[in-house]
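Quick note, the sequences are listed as chains A and B, same order.
Sequential numbering from 1 applies to the first sequence in this note's numbering.
Sequential numbering from 1 applies to the second sequence in this note's numbering.
These aren't lab readings, by the way, just hints derived from the structure by calculation.
Incorrect hints may have been included.
Estimated spans, in silico, between C-beta atoms of each pair [as the list claims (entries may be wrong)]:
hint : chain 1 : residue 1 : chain 2 : residue 2 : range
1    : A       : N17       : B       : D68       : 36 to 44 Å
2    : B       : E26       : A       : A78       : 44 to 52 Å
3    : B       : T71       : A       : E117      : 50 to 58 Å
Some chain B residues flagged as far from chain A (calculated, every beta-carbon gap over 12 Å) [what the hints assert, rightly or not]:
hint : residue
4    : A72
5    : S76
6    : K86
7    : G158
8    : A181
9    : A191
Heads up, the beta-carbon is just placed ideally off N, CA and C, and yes, glycines get one too.
Number of protein chains: 2
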Amino acid sequence: MSEKTYHHGDLRLALVNAGRRILEREGLEALTLRACAREAGVSHAAPQHHFRNLGELIAAIAASGFDDFVTALDASAAGAGNADAKLQAMGIAYVGFALAHPALYRIMFGIVAMQSESEAFRMARGRAWDQLLDGVTAAHGPTTADSDAVMIWSLVHGHAMLRLAQCMPGEARSDQMLRHALRTVSAGFDARKPE
Amino acid sequence: MSEKTYHHGDLRLALVNAGRRILEREGLEALTLRACAREAGVSHAAPQHHFRNLGELIAAIAASGFDDFVTALDASAAGAGNADAKLQAMGIAYVGFALAHPALYRIMFGIVAMQSESEAFRMARGRAWDQLLDGVTAAHGPTTADSDAVMIWSLVHGHAMLRLAQCMPGEARSDQMLRHALRTVSAGFDARKPE
DNA sequence: ACTTTATCTTGACAGTGACAAGATACGAAT
DNA sequence: ATTCGTATCTTGTCACTGTCAAGATAAAGT
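Please build the complete structure, drawing on both the sequences and the hints.
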């Protein structure tokens, strides 16, 4: 739909998708309002009526990214066995998503989206957090679930960011190092409650 | 020195310091070549002769940030008792530095500096990593020190980034959550080797 | 059918990074 | 000490950006 009419139909969505395409194809610095407008086939000022400024477009792209993110984590958890295996699988999938969509991932946790007041962005990000919290609760109980979830989130997020920043010594072994870290966390949780 | 002569004296350093001042005062998006030139009191094209492009200036600023970073971590470790306490103190100081200099910290781990080919940046970042590796080796032995160091780095880096992105549920308790995480990691390490 | 409103276009403006060409002053060689 | 080469800084320019304003077009409501 939305072919050559004067009114686009759903330009808002088209701009978000155009932005995501640009991100994958050319990276962060190529993501400009005008580039998105070009990619969507509209004039340079058309986005004004759907996003007050560049930050809001970026926030919308980030929200769209979080939707896919949650979907990917869900799928990985569904393919695993017990609760602990699900949590480990989510950790692997978390980093996998970041590595597969580096520019998008950076935007999802960047300042611009954060500083925007987009409610959709906050909701989408909140869903990701809830999903992680559920996974931790299922695997290690609700007692210190929020602290534990923050810890695991920190671990996988930090791991992903460091790899994106090419800080990792021994890039080849980094997948193995991630599994090592996830196992160690699990051991730390279990060591705490003798059970 | 370097008052009102035509030749500045050490414009390169002056630009880096100007950039850091702008970062602290106005944040990331205010950090432009022209703004640094203004802050240093030179014309808009003066930086060309010291940095080929904006990325190289940013890399130099990031390198300067890593220098201070290493100094701060060193100081925190010096103030702690045994090796494990030193490592914990470094973790706290790590996050503390990120929270105290959010814009600088983002640049230090951002794409722009990473994509630059600045050798000084890579060296400064390498020193930070070596310092962390030494701390882990001292506290938990050299057997899996690199994996363990990657894990701790991921944890504190992720924790810092998530707090900068205001992702933390319960901001008030996040310091406590950090200590919780550092203790859990330590417990995980110890649980692995029964000793 | 007419009006109102939302959407898109065209045009403009200041600010940016980068380049080129000219001005200035330091340093080295004579 | 003078001269010359060169590094440094300035001025001017260009394409590009985000944002605003005003006009054109089409959809929706009355």
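Status of each hint after checking the structure:
With their beta carbons about 42 Å apart, A:N17 and B:D68 fall inside the hinted range of 36 to 44 Å. A hinted range of 44 to 52 Å holds for the C-beta pair B:E26 and A:A78, which are about 46 Å apart. A beta carbon spacing of about 37 Å between B:T71 and A:E117 contradicts the range 50 to 58 Å that was offered as a hint. Look at B:A72: its CB is around 18 Å from the nearest CB on chain A, clear of 12 Å, so calling it non-interface holds up.
With a least beta-carbon separation of about 19 Å from chain A, B:S76 lies farther than 12 Å from that chain, consistent with its non-interface assignment. Its beta-carbon lying about 19 Å from the closest one in chain A, B:K86 satisfies the requirement of being farther than 12 Å from that chain. For B:G158, the non-interface assignment is contradicted: its Cβ lies about 3 Å from the closest Cβ of chain A, within the 12 Å cut-off. Residue-level check failed: B:A181 sits 4 Å from the nearest beta carbon of chain A, not beyond 12 Å.
A beta-carbon of chain A comes within 12 Å of the beta-carbon of B:A191; the shortest separation is about 4 Å.
Hint check: violations occur at hints 3, 7, 8 and 9; the rest are consistent with the structure.
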